[in-house]
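Reassemble the complex: the two chains are provided individually, in unrelated frames, and hints are given to aid placement.
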Amino acid sequence: MLNSPAHDDRPEPGEEPREPRTEEGHTAELRPPLRRVSGRAVGVWTVRMVIGVALNLVFVSVVAAMLANLPLPWIPDWLSENARVLPIAYGIYGLLKIAVVPSWRYRVHRWEVGEDVIYTRAGWIARAWQLVPVNRIQTVDHTQAMLERVFDVATLQVQTASYAGSSTIEGLDAEEARVLSEELAARAATLRDDAT
Amino acid sequence: MNDEHESPGPPDPERERWARGPAGHTAGRYPYQWRQAQEPAAPEPDRPQDAAVSERARWGPPQRGQGPGADPSGVRHEHGMRDALRNESAGRGPQGHVPGQGSGPVWERRPEDGRPAGENPVQDRSGAQRPSQEEPSEPQGATPHEARPEGPGAGMTTPFAGTDAGPADAPGHGSTRWGPPRDGADGGTPGPRPQSGPEVPGAYPQDAWAYERARWGPPQGGAVTGPSSSGGSTSRSDGVGAAPGPAGPAYGQDAAASERALPTSQGPGSTQDSGPDSRAESGAHSAGAGDKAEGPAGGQGPYPQDAWAYERARWGPPQGGPGSGSVPHPEIASRGDEVGAASGARPQDAAASERALPASQGPVSAQGNGPPPRGESTSRSDVAGGASGAYPREAAEGPVGPAGGQGPYPQDAWAYERARWGPPQGGAYPGQVQWQAQGPQNGWGPQSQWGNAHGVPEGHHPPGPREWWTEEASQPFTSESGRRLSPRSMVVGPINQLRSILLPILIGLVIGGFNPWLLAATGATVVMLLVGGFVTWQTLRYEITDDRIEIRKGLIRRERRTIPLERIRGVDVTSSLLHRMLGVSVVHIEAAAGSMATEDGKLDAVDAAEADRLRGELLRRRAVLTETGEARTEGDEEPAAAEPETVTYFEMPRSWYLFGALSLAHLLTPFALLATAIGLLQQSAAQMEAATDTVVGWIDATDRALLTTLAIGIPVALVLLMPVFAVVSYTVTNWGFTLKGREGSLVAERGLLTRRSVTLEKRRIRGHELQDNPLERTRSAVRLRAIVTGLGEVATRAVLLPTGPRPQVASVVERALDRYDGGLRRHPRAALSRRLIRSVGPFLLTGAVGVALDWNWLVIASAVMAVLGVPLGIDRYRSLGHGYDGAYVSVRSGSLQRGQAVVERSAVIGWTWTQTLFQRRSGLANLQVTVGAGAGGYTAQDASLPGSVAFAADVTPAMVRPFLVERGTSSAQPGPSGAGVSSAPEGPESPTGPEGPSNPTAPDAPERRDAHDGESPRTADEDR
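As given, the protein sequences belong to chains A and B, one line each in that order.
Position 98 (the first sequence) corresponds to 97 in numbering that gives the first Met the number 0; numbering is contiguous.
Position 976 (the second sequence) corresponds to 975 in numbering that gives the first Met the number 0; numbering is contiguous.
Don't read these hints as lab results, they were simulated from the structure.
Be aware that a few hints might be false.
Claimed, not checked - Part of the chain B face toward chain A, derived, beta carbon under 10 angstroms:
#	residue
1	G507
2	G931
3	A951
4	A952
Heads up, the beta-carbon is just placed ideally off N, CA and C, and yes, glycines get one too.
The following block holds chain B by itself, in its conformation from the complex (with noise of 0.2 angstroms):
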């Protein structure tokens, strides 16, 4: 990257303790030095000149109008070079800023009218004055100056077309033209700044460490070093050494310090107001000088030579050398913050730019030293300067070379950056375009120089080509590199692919007895299936961002599945058996809202802590990126160290697991078994002639007293082991049942054999439902279940709770979720014949049937049936209900599967009244809710229609009210209603009535008709 350069030019002492780069480069490979070997060093620190143009460095572009430091003569500078021109001959700065008149530095014009690089043009044109104007002009000390340091570019040209005066800063900001180094190109254009190589985007380095200087305002507390310090800091822009070395004073560093603070977005944020703070300490700054750097709060301070300066001192001296090692810099970073990613002051800018540049580089790590590892471009790369906080990431105090980067940067970095990235991809260096696109009127603040010209997202950047292999460890988030899954998923994979197909292959082996070609097609199977494990293992790869998450697999054909971490509805953790013997865990992460299996992301066998941490950092990802909206905050934030806080809702006790043979599925699991068992021996029976012979002979051969015991007996033995068998298959679906509340989700664990982990999200969670059965009935025993949106098929994911007695769940679903308080509405009584007609009457029917056929059969099992329906509907009839509590609804229906849902409010979409003809009869109705979870609606059947009405009314009165008959108002139109009409709005008695004259398509009166039934408030059913 740095080949390109030349060998250094003059020796300097200053460029060679930069040459070595933040991390010990060698010489040759900065740009600076390449530029030193074109341009003459700049002339020495102390240039008075320098000092005004350090001011402008300072102060940045001058802008439309005052700046800062605008020039009290008003003369402004518009745009270009003539002005510069012509200011120059009148002996004024740059920007009509005459010298002596105070105020403001002047600028140098830079080489590109052929000057030799470093001179400075103002001290030739009247040296007489510059000198004492310096003085003035030097807030403080030495101005950072080294802009003078020919600088990117001999194509600096006036720092700014146009603009004015930098920033004010006390005196010596003249008029001063701040720009950012352009390219050459007229002040308007801000080139690239820190740019590579000779084409050096103009006037960096004055203008850069001008404009730093604005934009981090004048070194804290501290004299301005001028360029001095920014010996290096001059070169800074462009590396070139013109940057007379020495310690720079303050105001280097102080640049440097701001610099230095930048990339604070990078990171975990140093707060802005850290600013000066690391200014202050900046103190170790390269130059030595105690540079107050003060970084503007924020403030951006001049940043050219500045940019050195806080190169340096983000980086440290080079290696080996004094320095600062870089702090960030807050306000840098905030810098950069408005420019989207790009945080951080010109360390971005250049190390944007020439991030950006990069994609291509590949690891950062490949660079070798020089910023940071800015591996993750991510920022990087479009966003002009998009500089993320790889760039020179504070920390490192003292020399800390590239990798971690922080060496003796300034200059070098500006350089290095130049000579790494090359120009700014987009062409500006943060800020550039800015000093285009923004005027006086939007301010001198260091902050307006960055703002948001560039359009960038904050808070996001586009990902750079490297972001997936990279570590990016500015980030927030760290960017964790592709992950492989365990070793050990090469066993678990063929293993469990293996069980499906073992039995058929066993049998087909023992029959074929060991046929060779069977055992050598066997053996391939395996052989394949153990290989496709081993290419597995190899070809996953997943990767965490900082919002998505990538899974990589596939030798031939590849396929990149990303979830953006928003989308995350859960992650589930599961090992079975095998897997926890081997001590490894799969991840399932549900992307979406009932999604299939394809569109889940799913990594088999992971460790099992690895699969922990997944889970945690994921849903703790998610968590902020929702929460925030934006994919970096506060770096400094720190991502729950360790883990978030647990709350133990539910662990289950020993007893209830007996309530397993209070369930008729597990009641019904020996019997499952023994059709299984059956369905084997039927389809290998016809295999094993040899056997069934045997087992027949057997038969004919034993008593027959035996056999009927047998075959009596064992049923039997059977029913009665069926609560043992439950209790057995329960205990093992629901070992170490655990409700856990963590991060706003619920979390349940269960399984024996396999281990299954559940992650509900708390916001996705609309509400619960208890169900149970008459044997549970018995016990008052409940089941907990979630009503969750999005769940899809996957039922048997919301199931919250294993049965247990009433009153202990009713005291978890209120710690953990929310308790229904009020009762349920009684249905009315012919709810009650309708229950019984329904659940008789199917069942007359059959035994009317069979008496016709004169089966007998049929006769007596309708006849069983129907007097057990006598209760059963009774039972139905009971548990109708709905209810309201003001936050949730409740309805309750069913008696063999008793549930009673309660919804909150805010979940309830809509209602649905449906009425039969014999519910119009009887007034009834059933009023289905319809939610947008769970089951998708939960019906109160055979409710009162005006009594349910007017509950929908009460729950959600905006969507009913206006649709309601007004009492009072309807005129009293006796109605052929009679008592027993329903109340419905329009019996079919009455169809032409008020129908008459409406038209198809003219609204009518609504309430002219059915007056007869609105006319007096019908009572609840109840009464009946």
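Same shape as in the complex, but just chain A (with noise of 0.2 angstroms):
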């Protein structure tokens, strides 16, 4: 079960260090992107976010009263008993996620598009930096669904030969994500080689 080869990031003593591409010791930063994306997808992001927690609200009243009032034998008493905790923790818990969360994520959700890359940042606990180069692109897709259309946002999104090289741009100004969609086409088009 050893993994080999082993992992030489380390020369032996006396030998001459292999001739590494990256030095050890090597670190970098990547800066944020400069752009952010409307503020009004924090509204989006709020409204998303109160239907799901309503949802998932019901749902987990449902399970609750169901634990609470079914007779299976293999529920333990205390769960019987204090089944009504769980939405009551569960309401709370949506409460401070939709007070939270679309604040969080407009601070950490910004793009960039340069001169040969798209680069973004996403996420608000997990968070997610991406490059793709323009140049490798296939397609640009922006879309809006419907709350986004109430917003006045879109979705830029842009897909590559990987489908995990595909970066998708939330929130965006719908006329900004219009222009850009049609400038990187443009430009996508004119620069790409081969986009495997």
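Below is the structure:
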């Protein structure tokens, strides 16, 4: 079960260090992207979250009711008696989420379309930075869900030959998204060689 | 086709000869004969004027400006008849050339001004001068003048409107109006050159010759056979037998020779250079005169008469007669080339135009003799004169008739062509447009005549309607006429289909007690399957043309699938056991990346040899196409004589079959079989009640001890036999595994019962992956797979090697692919704890749940799994790594299914870092390198974030560097960063800091923020 070849990040003593492409200890840091998404995206996220929490709350309540009332033998007593704690706890959690997460997201979500690269950052607790080169773009979509239309924001999705290499920018101002998608499509068409 | 032409006119020896046509056509079939009927025979061979005309013909249409044969007198004819007439009256040649002033043959005006065809107006006019004139004008003797013969047309008016002297061929090339033979219209319009029938395009005969001459240059080294040679040639253009037969002297042949050269492009190209040579050979030209038609090296000599001569030369004498076979004249070929497919000079033109017509003609063979089955009208059709090669291809020495088509052709060629095909479609023989379009500015070069005015893309020609079913002998890649599947496919298909429904049918029969209805239904089903197989065999045709493969099938609903050869990703040849018993294989043509079965081409059951040939052929053509970018390259480039070089990288040694015992999937085979058997039993137990009762009774009756022993013994035996089963099933799958390199592809073959051969193009291979599991690691064995673009779901196709020891696999990788040299950088120690937590944590959780619920079994199971999870987590950590060696990026992860992916740098599309909350605390992130191949992305889990950013910047600096925090430039802004704060550019604890001032849409100075993080380069977390 040993892993081999062994990690060879450290040269043997006395041995010439193997020419590492990146030296050990070499570090770098990514700056965040420059642009922010539209402020109205907060509204979109909030509404979405409200709907999601409400649905989940209903589901949890149903489960709690089942736990409390169904005489299944494998449910411990303490669970049956306190089952109503579940929806309440989830409700509180949901409210916190609704209050905190959209604006948190707004701070974290950033994007930047450079000359050759699209750089995005997304997430709230878990973050993701993504670099997508423009000359590898195969598809540019900008879409608006119903909720997004209400708030006049749009989502821009860029796809490359690799599914994993596709980037999504949510919450852009609708007009800006449209302009951006056209510009990207044009640029991708001219720059692109073999997009695989 | 020639029916519309009447019986021949006055007998003419030459004509008679031609009358037979290249393949012994009977008289009356060629347009020229018809013409003869209409017009008196042209005057005799040695016509001084003819010489001039021939010169004119030789040099082609006078172009604006001074052509080679420009009339020194500077008189130019601009356009039209009136100039010609004016000149005529002035005693000058049509182009203003003054007879006797040397240079330039005089045009004879075409008969359209009422003179009897063949009559030489010049002669009439100033007979005295002409004769003398022609001497000098004869550059080399006979001028292929038969242009005189009336050629095509009464309409031969002044050959060219306006252009001027043709190629200044030395003496006699005064201002000749060369123009292509027009259809009688003003000189400006080049009519279809060799024109069929009466309409004969204008002045071809003389002009043709002159043109040809111009095009092809003077007969090489030889005297230009004047008209005489053209004797045949004259008639060439329109087939009018005007051309005096006799041996045309050199010139004619020269033209012919040059003509002959034309088709070069058609066939495996004779190089252009051979033109002259072929010309030289054209000596055998029908006319017999030693013509040295020299073709212009590439030159297109005077064509008109020469055309005939050429034809003659090309086709050889009328069958039975002397005459050189057509030797492809390279120049001629080149001529056509410029016109796109139309290669070859006139013959093509004629041919081309002719051919263009015929789409309807159907297989050339039907045409009988005459130009060789141009069958493939490929180029023919639309390209004016798209003639492609089919035209009288060179080849045959001596008369070969149309089949193979080289008979005495020249005039006949034109005539024949014209007759056969009618006027060139689009109205112009190749080159005619040229004349109008190009003036002197294009030079006189023969080539210029045939420039690309037609706008036909080189090398490609629209397929003619007949392409599908005719053999294109002249194509560099022969078009295979529709081929069928192997007859044995009639059997294989139904059997395969039967197999799937056989078991239910049998069960139904047995259970139903052989009910006659069931039997009848079964019989009917079998019969229908057989009929279906027969119909498929009858209706399925596949054909490879020069740029696509077509599969046509269907009786009631017809379907035609066309796959361009360039799009073929791979060709697989598979044969199951049944197929192999019958000696057939299934050819699967994968057309596009990740295409579904509906987009691929599949030929079920062709002969095994045919399958191999097909695969080789497709890949070879595809390689040629993609390399050269055009369907026809040097025709003669022999597509790989035989088998391209095949390098064997690997052949399975016997001992490697034992590695099957290490493969988890194969180890579980007996259990899979057992499960299948149980499932079957369950399904049929309901029906087989009697059997069930018997079994139950037996169980009740037997001794408990025996039952217990059996119950324990059988599973134990199965477990012990697992390796045996594994090896057996592994062997069946990977029997005779070979990896070969062939023509830029890797071909992997394996299989005992079903022999599967997978071809992967090397240019699609973006890297490789080495996989193993813990069992295999004990023997240090790995499995090699290729990372290929566009494989889609069919991942098993990427298997390059069976399980094998690492050193041997590495050596194969080095030979077949590329080795990865760099090491793998270890991930920080914090990753270890993360891996441990992830492998042990869930079981601890379930254990806790079990304790809470008081489920002991859960607690015990969780405890066991948690204990096992510790070494698993450690192993997972140890396998983590990523590296870059300058050319390849490598990422490794996993333990139970460990894989090291090595991807070439150019395949890297982008990067993605993901970081969870816990990773942020430890300064870790998952770095995913996105690749346009294989799995789409390979993740280096729990790598140090700053280290991975630096790594990405190393691999793709242009992409990453612009977004890096500049070291040392950011102000030392102490941020709330503690030791534990991750190196994330922005932590959640400083939300409103630098961002405050920035408004949503204005870009801010990026460096301001997170300066605290960027201040000091963080050392790699490995140190921790």
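Results of checking the hints against the structure:
no.	hint	result
1	G507	violated, 44 angstroms
2	G931	holds, 3 angstroms
3	A951	holds, 8 angstroms
4	A952	holds, 5 angstroms
Hint compliance for this structure: hint 1 alone is broken.
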